[in-house]
Amino acid sequence: MRLYIKLVSALSRLLGVIAGLFLLSAVLSVSQMVFVRYMLNQSTVWQTEYTTYAIVAATFLGAPWVLIVKGHVNVDVLQIAAGPRLRLVMEALSGLAALVFVALMTYAAWYHFEEALTNGWRSDTVWSVPLWMPTLPMWTGLLMLCLQYIAELMRLATEGAPAPSAHGTELFDETVGSTKS
Amino acid sequence: MSPLVSGLVMLAALLALLAIGTPIAFALGLVAVGALFTVYGPFFLETLGEQFFSAMASFSLVSIPMFILMGAAVASSPAGKDLYEALDRWLNRVPGGLVLSNLGACSIFAALSGSSPATCAAIGKMGIPEMRKRGYPAEIASGSIAAGGTLGILIPPSVTMIVYGIATETSIGRLFLAGLLPGFMLTVYFMIWTIIACRRRGIGLSDLTESFSMRERFAALPRVLPFLLIIAAVLYTLYGGVATPSEAAGVGALFCLVLVAIIYGVFSHSWNFRQMPTIFRDTLKESVMIMLIIGASELFAFALSSMFITQSIAQAIADMEVNRWVLMGIVNVFLLIAGFFLPPVGVILMTAPILIPIIINAGFDPYWFAVILTINMEIGLITPPVGLNLYVINGIAPDISLGSILRGSLPYVLCMVLGIVTLCVFPQIALFLPNLVMGVAL
Amino acid sequence: DDVTLRASHQWPGGKGDVRDEMVQLIAKEAKAAGVGLDVQVFPGASLVKPKDQWGAVTKGQIDLTAFPLDYASGRHPEFSATLMPGLVGSHERAQRLNDSPFMEEIKSIVEEAGAIILADAWLAGGFVSQQQCITSPETAKGQTMRAAGPAFEEMLVGAGASIASMPSSEIYTAMQQNVLTGANTSSGSLVSYRIFEVAKCLTAPGENALWFMYEPILMSKRSFDRLNEEQQQALQEAGDKAEEYFAGEAAALDQKLIEAYEGAGVEVVEMSKDDFDQWLAIAKETSYKNFAERVENGQDLIDKALAVE
Ligand code: NA
Ligand code: NA
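Residue numbers (the working numbering), protein chains in the order written: chain C, 1 to 181; chain Y, 1 to 442; chain D, 1 to 309.
Simulated from the structure, these hints should not be mistaken for laboratory data. For each residue, glycine too, the CB sits at the ideal point set by N, CA and C. Among the hints, a few may not be true.
Below, a list of computed lysine-lysine pairs in the BS3-like style, where the Cα atoms sit at most 30 Å apart [stated by the list, open to error]: (1) D/Lys15 <-> D/Lys141; (2) D/Lys200 <-> D/Lys15; (3) D/Lys28 <-> D/Lys256; (4) Y/Lys133 <-> C/Lys6; (5) D/Lys284 <-> D/Lys273; (6) Y/Lys133 <-> C/Lys70.
Reference excerpt, derived from the structure (chain C facing chain D, CB under 10 Å, subset only) [stated by the list, open to error]: (7) Gln47; (8) Glu49; (9) Asp124; (10) Thr158; (11) Glu159.
Extracted from the complex, chain C is given alone in its bound form (with noise of 0.2 Å):
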């Protein structure tokens, strides 16, 4: 069990680097795409759509990574006045919720991924880029990212909740002074 949680979330870490260098990319190649139409008077032909995608791939390849620094934001307030024991059950259950919907995701974006590939399908457009390539990073990510759920999942069984994070002490402390530096 431990040497899945640590694999899962080692994969998840190596998918979020490729997603910063997507956004990086994406970056790129709006810019050049601003500089050859402005600057050169020349046809853009890749340039929104790769955008478009590298975007796409971003999110999803990024989100096993942010579930592990815990950035989808959720609502909290119920979490945090509860006692230890009814918390686990409610971050239990909120992490079954997360897996299920994640999982039938997972299901489509491979429907979707192999009926791409499958027919030959491809984007509407002068690049006219084969649609399995798109599609491929959003069904990656989505499993991992049901690979990681299962491994807080696993990790909420080991450890138990968490202590409220420092952000859930927060929203008692109405002092100002405190959050001074």
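With chain C fixed as given, assemble chains Y and D with the ligands onto it according to the hints.
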């Protein structure tokens, strides 16, 4: 099940999932998937992947991560600190001076971007940490930016106005002009509230203990230059015919990265290339969350539309025979509630074809109504459960709880309601500019 | 008991857009037939995004749609022929094309994919520009254009224009801010996207229309097969009425386009036969050639279309 009952069931399921702490994107998604299952049966999974993909594969959404990146780049350098230090030296006698300058910055950025979350991201990324460092309470720091960011869809250019113009066959140029003065009016309302709040609580006044000579004030100005350069560059890209709003975000992001690396990395050595991964890590964390919420809220909107819920309610309003101002009141309440659950573009697309003819028949001006509707949508952006700006702020400042952000933005919601009332009494605030520039509409 | 069908399209609802009118007409006729049919219309892409409609209708998630067939050309490359420069030419010829072997082949691909065609419609379109009027290929040289569909983009590049690809929702701002100097799309969209506010010149379809797009009313085969015979017949008849209605309106649409642009003080021109032939020559060297190379028996399809009187 009647549309209304199905709607209530969805609402209850969503609230339950949110209450136990399910991430917002996945809670929205799960309710949507459940509803879609009851409407279409299991085979809806065959199109779900395609729909989720295309909900996010839209070039106009690209500007959100780009603006976040822009903010992250600037935030990693001393540019933001320098700017706020200068503002602090000049505005330290005004209660809440720093919040005021952030609100001003929001309205300037609203003129750069057509989307509210993007405006929020761009200003908040720098503004919130600086405000907090200078002792402003978390609520005011986050609430003001959440609210200020909503100006993105009122002050042109605006994605919502474009969609409204297309859906209702009204002039987009005229709509843009109609949003301008109300946008500034709201900015002023936000500022007045900020001064009152800071005065009353005696917070944000800690700056008053320090005092600066004029020489100190002027000495801080040169260091503001990089920041002004960024704003000038993005404005030029946008209004100089170089790029569309979505593209300008990307160019702006690259420009900020390069500028920060050159000015602070090469010349003043206060920045270091090892900060580059941090910039991207921060950007990724925030934008992944927001993009997933956007994708899931599209699925949610699709489920609502499939069940004809939004349309049925709009139709019910259309069938009522009441006094025109009662009608306007009901429409407003409906838009407010729709805005709680749906992103602005979704509300307009689902309701405009039904509501607009009634509004016009009742003798209201479609351009004036566009402004009213946009302000309602702005409120929706800072109200849960689907309040994109709230989540942007939460991503930028994870140490501030959603509860605090909400409490902080509530007074600004009231400012917007006051704005709607003002516009009802003085429609000319919206109509003056378009009539002046483009002549009176037929 | 009653069957409720979902009809989706991307154009403004209740504003007189001919495609919306066609769908509304089918909804009205189907209901009036008294065979237990009810059609909910979702205009303005308020249910499914424009390009997602193909997947949705072929799988039976939506039942009816008014759909520009070229949007699905990434999946069925043959559909590019339904937005090919100069292939149609006029409304009269569009009518004759509908029953030709060329369209038979296209329609069989549609059916194989899971949809049936209730009503044919070929929409004409034109060019708008902020600089000089676009008539001959020479006038497009050096302009930055946004075209609907790759076939037109290839032809425009062949004429020396630059292409900027962007979603249709950005045309307005892009033209306003000089990022684009011109665009081409359907008469309906040229009006409903209000491009006349930011254009200096319109090239109306006229006698020699370069731009035609096939935008039929499709019904999901899955949904159609679920209906009883009476209901199927009622829908077919409603479809015929919609097609008839469209045929009567087609020319009036171009007139509406001209009126909208003239009303906004925009200069309106048309292409001469000579301009049209020059464009066609370029198209044959670019988009036609690419189509023949990319699509299996693509040349055969084009030949069949050109063979129609
Ligand atoms: Na704006
Ligand atoms: Na909301």
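Outcome of the hint check:
| no. | hint | result |
| --- | --- | --- |
| 1 | D/Lys15 <-> D/Lys141 | violated, 36 Å |
| 2 | D/Lys200 <-> D/Lys15 | holds, 25 Å |
| 3 | D/Lys28 <-> D/Lys256 | holds, 25 Å |
| 4 | Y/Lys133 <-> C/Lys6 | violated, 37 Å |
| 5 | D/Lys284 <-> D/Lys273 | holds, 16 Å |
| 6 | Y/Lys133 <-> C/Lys70 | holds, 24 Å |
| 7 | Gln47 | holds, 8 Å |
| 8 | Glu49 | holds, 7 Å |
| 9 | Asp124 | holds, 4 Å |
| 10 | Thr158 | violated, 42 Å |
| 11 | Glu159 | violated, 43 Å |
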